[in-house]
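Engineer: First to last, the sequence lines map onto chains A and B.
Under numbering that gives the first Met the number 0, the first sequence has 131 at position 132, and the numbering climbs by one with no breaks.
Under numbering that gives the first Met the number 0, the second sequence has 41 at position 42, and the numbering climbs by one with no breaks.
No wet-lab data here; the hints were simulated from the structure.
All of these numbers come straight from a predicted model, not from anything done at the bench.
Some clues are possibly wrong.
Stated by the list, open to error - Partial chain B-side listing against chain A, Cβ under 8 angstroms, derived: (1) GLU17; (2) GLU203; (3) VAL204; (4) ILE206.
We put the beta carbon where it would ideally sit given N, CA and C, even for glycine.
What follows is the residue order along each chain.
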Amino acid sequence: MVRLTRLSYNFGSVWALKDVTFNLGKGEFLFLTGPSGAGKTTLLKLLYAALPMSRGAAEVCGFDLARLHGRHVSLLRRQIGVVFQDFKILPKKTAFDNVALALEVRGMAKSLIERRVRAVLRVLKIEDKSYVPCERLSGGEQQRVAIARSVVVNPSLILADEPTGNLDPGLSRRLMDVFKQFHAYGTTIVMATHNMDMLAMVPSARIIHLEGGRITLDSSEQQPPEGVHR
Amino acid sequence: MIGIALRLALRGVRDLAEHPWPHTFACIAVTLAAFLAGLFLLFLTNLDRELHARHGQVQFQVYWQPAAELAGVQNAWQELRSWPGVESVRTYTPDEALHELTASLDPEAELGWLKGKSPLPATALVSLAVPDNDPDRPKIVYERLKALPDVAEVHYNPAQMDMARSWLAASQRFLWPLIGLLGLVAGLIVGNTIKLSQVSRLDEVDILRLVGARQWYIELPMLAGGAAQGLAGSILGLGLLKLFQLGVANLLNVPPLFLSIEFLPWIYALGLAASLTLVGLLSSWVAVR
Ligand SMILES: Nc1ncnc2c1ncn2[C@@H]1O[C@H](COP(=O)(O)OP(=O)(O)OP(=O)(O)O)[C@@H](O)[C@H]1O
Ligand SMILES: [Mg+2]
Chain A
0 MVRLTRLSYN FGSVWALKDV TFNLGKGEFL FLTGPSGAGK TTLLKLLYAA
50 LPMSRGAAEV CGFDLARLHG RHVSLLRRQI GVVFQDFKIL PKKTAFDNVA
100 LALEVRGMAK SLIERRVRAV LRVLKIEDKS YVPCERLSGG EQQRVAIARS
150 VVVNPSLILA DEPTGNLDPG LSRRLMDVFK QFHAYGTTIV MATHNMDMLA
200 MVPSARIIHL EGGRITLDSS EQQPPEGVHR
Chain B
0 MIGIALRLAL RGVRDLAEHP WPHTFACIAV TLAAFLAGLF LLFLTNLDRE
50 LHARHGQVQF QVYWQPAAEL AGVQNAWQEL RSWPGVESVR TYTPDEALHE
100 LTASLDPEAE LGWLKGKSPL PATALVSLAV PDNDPDRPKI VYERLKALPD
150 VAEVHYNPAQ MDMARSWLAA SQRFLWPLIG LLGLVAGLIV GNTIKLSQVS
200 RLDEVDILRL VGARQWYIEL PMLAGGAAQG LAGSILGLGL LKLFQLGVAN
250 LLNVPPLFLS IEFLPWIYAL GLAASLTLVG LLSSWVAVR
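Here chain B stands alone, though its shape is the one from the complex:
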């Protein structure tokens, strides 16, 4: 039984060669659809990755009042490091801040006389990770920082924070429906094309029926042929996409962009190939019915 099924499936694939043109065109259409869908996914996944790498992090600059007790400030620093999501805390006592400032200014400038009575406040640079499932974290941390004793001011880049938040929100709300819609369109195009190409084999189906073949005996080779077209087309399309990706991989990897284009995560590539194969299968099934 399995032997027969396998033989029928193989024959279905081999018989594609009997009508080379319709099947070649169908294969080209599937290849292009796979390439375009892959390109869109490539764009999305890279954008997503970049935004997560860059904007999945928010930096706060915290300034204490110049008159604040240093011991109290240092206690606060210690506590800060244990807050959830805080990745690093760089701290500057007034003297250290002065030192940094001096170093960044004219090294010749002589500010040594200010030692011990630095006019700069104590500062901390807090890096916070923003996970996808908690886009409101920066806001909460901001409030918490402001509520610390003797804190004068908390600065952050609101544009950056909003961008990160809105992207995360958007990607959750629109990305998957969009991918679904795209998949539907690609599926319809690919499905119709394969279905049309299978029409060239309907005379064969007709004859098989007339000599008494069972439905599954007729369907199996057709389904295998359709699935093979879907699979071949998507492999070719993904191959093209890989070539494209290799071509542009380092095109944007220049200062200050440092954008490198990476290939689709394998699960996406696999999903794309699997769905197009399934579409080929289903549309062949519709064609023989």
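So that you can see chain A by itself, here it is in the shape it has in the complex:
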């Protein structure tokens, strides 16, 4: 699903990622941890082609990122559900419309969109805010809209950047249940987080710890989790 070989990335003179190498098999659940500024967001951005490849090799969902352009960028992104650290939802549009957007760009029929979006909003417990413009939602509610948009497309890979940053423990747990459910159906999940409580909720998950752009720990190298083929 994801193959990275000596992936490096620099913003001018700052190396945000340095020689990152790991493979992620289909159906794995990976936590990316590390202090602020470790390069977690940068790594995720590279994976969904929001940053250009500069050094190293990367393959995501069968696409070679170094040779990805034009039409293929949108094809890659259609296989990935992304929860952005800054949500990236449209403030003037309602929660429903924001979530529906991800399905609309895929050309899905209106009635099907309606059914799916409702279901996802219900699972994330914001169905009562469906028709409220997102600028009038709380941070946690906006975050759930962002999460709903990432999972509504049934992606084969979910990239979630601090998806529980604005949620209380109860909601965080509920959200993790949603992700675990997707995981149980075979979706590959990469979640960047500071929150150590999250790690405990998915005991089988692999953990990669970044510091200063380098991998300082990869749990799979010590004790490969069972039931995961890669």
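The hints should help you fit chain B with the ligands onto chain A, whose structure is shown.
Structural biologist: Same frame as chain A, now just chain B with the ligands:
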């Protein structure tokens, strides 16, 4: 496919309302540009029309020698009428000329005794049309008139003739480049304004890209929105121009000017609206790229 395209285009127009201020200002700018460009065109087309109506015609006064044979002169008159561009020929035999003169003088004056031995020459008043594609015609006709047998003198208003010729020449040489330049300036201003207003939607473009939208899916609503702004602005601008024209239409229509201001020919108005719409389209395209 066409259904989707139409829906996207409609959404692009509807979404303008999500950022009302930038788009309102852009629309005002387009309206003003359209109005000013229209005003310039209005001035030019009216000037052109007046000059063509007044100066697209030259009048010659032809005097024959007093001793000329009347039969020969009348033959010449007959021939004159068939020259190309000659619109009318008013002729005066010496007696008729005398009669006119008498009538215009004191009606009491008794010049009847001069009948049959009028001292006035035979005259003809020749009106000549000067078409755009043949500005040299008056000169040629002038030479031809002078070469007629027994013609003593040919008078014309040279100022009038030169004015007509120079206007025709100038309009062919400078008018279109000038309109082109004006269009370029208006296009740049309008284009930049619409482009700037579309920048307010770039966050949306960004998000659409991130959730996997194709380029055309992103561009179509933006292009439709930009085109709608261009079109709305130019319709408003032309509407303003029409109001202006109605206001001043008869302001100059007083003796001796008799100038009435007419609205732009519809093809010009259509062209103006079409170009501004196109500019809106193109600048939106540049904005999303
Ligand atoms: N657009 C940018 N321009 C310049 N430097 C950047 C940019 N984005 C990130 N960086 C730098 O790259 C490094 C990694 O940033 P990144 O956002 O990946 O960290 P992170 O692990 O996601 O941190 P956090 O946990 O706070 O979200 C940081 O040193 C940051 O300052
Ligand atoms: Mg981050």
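Engineer: For the restraint on VAL204/B, tell me whether the closest CB of chain A is nearer than 8 angstroms.
Structural biologist: 11 angstroms, violated
Engineer: Does the interface hint hold: is GLU17/B within less than 8 angstroms of chain A, judged Cβ to Cβ?
Structural biologist: 5 angstroms, holds
Engineer: Less than 8 angstroms between beta-carbons is the criterion; does GLU203/B satisfy it with respect to chain A?
Structural biologist: 6 angstroms, holds
Engineer: Double-check ILE206/B for me: the hint is only fine if its C-beta lies closer than 8 angstroms to a C-beta in chain A.
Structural biologist: At 5 angstroms from the nearest chain A Cβ, ILE206/B passes the 8 angstroms test, so the hint holds.
The structure fails to meet hint 3 from the earlier list, while all remaining hints are met.
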